[in-house]
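Engineer: Hey, can you piece these two chains together into the complex? The hints should help.
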Amino acid sequence: MLATDSLEPSGLGEHMIVLGQSLVHQYDIVIACQNDENGIAFLARAAKAGLRIIAFSLDDLPGFGRWLKAAGAAFLHVHAGIGWEGHELVRLGKAAGLPVLRTEHLPYLLTSPVQQAEYAAMLLSVDRVIGVSQGVAESYAARPNTARMKMIANGIATPSCGNRQAVRSELGLRDDAPLLLTVARFTQQKDHASLVAAVPQVLLQHPDARFVFVGDGPEQDRIEQMVREQGLEQSVTFLGRRFDVPDLLAAADIFVLPSLFEGLPLVLLEAMAVGLPIVATAIDGTVEAIGKDHPFLVTPGDPMLLASIIGIALGDREAAKAAGDAGKTRFIHQFQADRMAMQTAALYAGFLAGPSHTLQARNS
Amino acid sequence: MSKTRIGFIGVGGIAQRHLGVLESLPDVELAGFADPDFNRAVDAASRYGAKAYGDHDGLLGDTSLDAVYICIPPFAHGAAERAVIARGLPFFVEKPISLELSLAETLASEVAAAGLITAVGYHWRYLDTVDEAKRILADRPAQMLSGYWLDQTPPPQWWWHADKSGGQMVEQTTHILDLARYLVGDVVSVYGLAGHTQRPDFPGLDVPTVSTASLKFSSGAIANFSSTCLLRWGHRVGLHLFGDGIAMELTDHDIMVDIGAGRPVRHAEGDPVWREDRDFIDAVRGETNRIRCSYGEALKTHRVALAITESARTGQAVFLQAAE
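Note that the protein sequences, when read in sequence, are chains A and B.
The working numbering numbers the first residue of the first sequence as 1 and each following residue consecutively.
The working numbering numbers the first residue of the second sequence as 1 and each following residue consecutively.
Honestly, I wouldn't trust all of these hints.
Said to hold, decoys possible - The calculated lysine to any residue pairs, modelled on SDA-like cross-linking and capped at a C-alpha distance of 20 Å, are:
| no. | chain 1 | residue 1 | chain 2 | residue 2 |
| --- | --- | --- | --- | --- |
| 1 | A | 48 | B | 38 |
| 2 | A | 48 | B | 39 |
| 3 | A | 69 | B | 2 |
| 4 | B | 216 | B | 189 |
| 5 | A | 48 | B | 40 |
What the hints assert, rightly or not - Every beta carbon over 10 Å from chain B, so not counted as near; a handful from chain A, in silico:
| no. | residue |
| --- | --- |
| 6 | 177 |
| 7 | 178 |
| 8 | 231 |
For the record, the hints were derived by calculation from the structure and aren't laboratory data.
Beta carbons: idealized from backbone N, C-alpha and C, even for Gly.
Here chain B stands alone, though its shape is the one from the complex (with noise of 0.2 Å):
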């Protein structure tokens, strides 16, 4: 059996996510590992056999690479991808996929004249929950939703600026958004607020502390949406959906479908991250593509979690549908 040769471009916390699953695959050799950190590329390169690099270049310089996995902060974004797409590699990349529309506009129209096979990391799509919701709401659409993202602040200081996190609604939330954009279709209009509270233990954070959004999608579905990273631990993180004698909670490890004979919950079977993956090196290997969340997919996402962003600094709503 021919192996598919992966190389990564950052090898952080989310990259070790995607590596637990890859090193299981029979199908992958992890090849190569850059990370201007270099001692963590060494730390990846000698669990796998395999090379590491202070820099993107240096891997792509690996002529033998099949597939690329872009897992760097949303600050980092740009060079990596632009040098992949010039190698014609199809790529992985984690989201958000960029902090500025226009990169990431430019380098979706850079993918598709290329016409690589990518994929970004909206995870919340392979769910066997979601799945099901999927089922459910062909036959009662959702009206209405509610979705969450109340939790505490991660660590990495990188995170607490929004010129380099994008801020709660772009960096986190962005996995809600994009499943409601799965489940209900494209989004036409947002509003968007945002507020600040200062914590002396969280020296220089400068993004939202709170944030909300109304949301309105061409199905004419309306949505509402709420952050906030002023807990000291997980509070709520899912999508409420509702509709015509259907309530629906949707969370990244259950599912609860209310039709008014109680509560009843599913625990979510399997881990998404691994279909998700198992996709991505089945599109490489030449088999049926079913990638969920493409490069141009996840930009419309993308679109509007930016948007939410702009409409909160502007107080202005922003209209999507000429856009899209």
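The shape of chain A in the complex, shown without the other chains (with noise of 0.2 Å):
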């Protein structure tokens, strides 16, 4: 049982949804989500990868404990955005007697001591974590307990191969006009204004570039007001939710991601699968998908420096295809979706090894 409290379960609703397919011929598994509107859609995306699913409600919490118990459910895996985020589920799957297992998707931001009391009071329950970055698992060392603590890396699936032409025909863009896509929620943690600050900056030397934004959050109208006062309607676009991601990449010539803190961005995985040059702060996890050595790492919250990066990238395109190869390699080495499956499976094979528990391994 892998599930989520997050009330956004976008990219860690899609490491779900990865995760779940790499081991559906292991296990049988079921992703499990809250019944709000953005729960709900998370599942039909589960269901459509062809994985089972099942909803619950945040204010029936003890239902879905009886449900966990009914099916049978041989371990629960809570997967949290945040750390405040999970501790209902973690009480939960305990209470049905189950083992549990808790996947940090960020690292350890929490400030206020109530909620650092909560997590620790957490801590004392859950049987294993999983960091998904060697950045969020040290992130969490100073916690009691973190000898349960395990890093596997986030993986993908490689991405199909996208049409380039397809959004750029929808952009109206010319066949050599740069596109620098970023693909990530309007939170602050994404830091899209250090990005608007430094569009003029590029648009100085590369002025038919065009800056694409994927993606929704409360950050947006603030984001958009941004564009309009700075007069960059025409170089930045906002394209809401997709689900082309493939298409998009296709279409990009740079990727840039220019967020304060990360877990292990799956966007980068993405963008580095197809090759794809990326432009990016140099923050623990952006740093461990794409590599210390990457050419074009700015320091987060620089608007200049993050301009003038993006000016060396899309002026040496040699320099930026090795980026982007050099990219594609370290993904095929480090972030495929097959060996974080097998580092996850060998973790649950632990828990199911035991006399006490249901085996609910398929006999593949």
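Structural biologist: Set out below in structure tokens:
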């Protein structure tokens, strides 16, 4: 049972689906999420990926607990988008007598003493915590019970090959006009503001550059207003939520991720998988994904530097291509879904080997 | 306890009625839901920890299913049944079983050849009041029947069109025709009449708005059935039966037996759909097959309903004995 109570299971949700798909031949996997609009949309994606789904209500978690027991779940694997999520699910799983694993998708960011205390209490009952990157795992190192922490780096299935013209035609872009793609929720974490602030300087050298933002989120209105105030509407396009990521990646020339912090961002892995050059901030999860030797890393929150590195990446196509190729090689060796699934399955096997648990593994 | 794994093809209103029953059965697992409206499939799957599919082929790719519920509108029958039969799976299908007799006959012979367990949703057969009526009629057989489906027009627009629903006799009154057959026996001849009134608030509605049928049974009993969808409320749905010194009125929630000593009414007890689903699941699980309406049995009722429509169209009586 892979469960989340995240309000917006976007990257985290895709991680759960990829993990579920990779493990479905060994285990009877069910994806669980709350029954609100975002949750159901996520479950629909999971169902399309061929996975079993169950929705629960936060107002009736005991009902979900009863379902866990009746369904004969062997263990519960909770996915937390941020440290304060998932505690109720952990408690529920333990109350149902199940081994409970928990994956942290972001570094330890809790500053409120109450949230810190709740996290510490949760750690007492959880059987194993997985960090999606070395950076995430290390950020939890100061917590008690970190002996239960295990790093399993994020992985994704290789994206299908996209159609370069589809999105460029939609945007009315010339073949040689550079498209800079950012796929990220509009939250403060992703820091679109720094990127918007960098745009005018990039346009000085590359006036036909088009910045394309994919995603939605609470900060979107503010960022759109920034774009309008600076008169950048011709150069910055908001596409909203999209599910044609392969086409978007194929249409793009540079992928830009200006985040202030990350777990291990799946969108970067997707860009790497297709050899798209990346300009990104030098933060833990991102550096772990693209490597510390990556030529286009910038300090977070520094629009001038971001603009000049984007300028370099756009100006030196050979260097950009070499960085893209290196990213692709790195993806193939380190970040494929199969490796993540194998490591996770090995962890599951440790819990299922005990005589006290009903084995749900399939005899495949 | 091993669980019987059920898949659903079609997750509309009538499917929800069965789900309400099946979710309470401890020996049933709801494994998958297929619906061309994928969100509807997701909604059902997410209530039961199941899988969702956009079509029946996806669902039937799950080789661990033990049986399938087919809950699709009248015009959609055919491909789903064929695919289920091809996989040798027992199935429960909602009435009416088709719009065309030839399709239902072909499917019935394929079911028979494959030796499949089947059930059709003529759930009136499972009313405890119908059991009581059957007991009484064994001693005092009915000589005359009056059947009714006097009701409002169902909201789904497919229902308004003859080429989608088959009309009221085929889609609704078929329950009462089946009940009559269950209590009195086979029908040998029918004569139907139909009328149509234009109604501005139901644009495009082309099914008869009133229809009647006169039937003769092999027992010699005679009957008349009346249907209308012109009302704005449910007026009367049921079957009245008359024999020597007895008048009986059945609805889907009570029975009145008049033997000249007042008009005592007894309310039906229990849920006929629960009994219907329980019998199907038991049969699938290899226990005694107590299913009251198999596909072949439903075909006989369907033949009567289609004959009424045909008779109303041609103005000629239809004699069913040869076809039986």
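Engineer: For a quick check of understanding: which of the numbered hints are violated here, in increasing order?
Structural biologist: none
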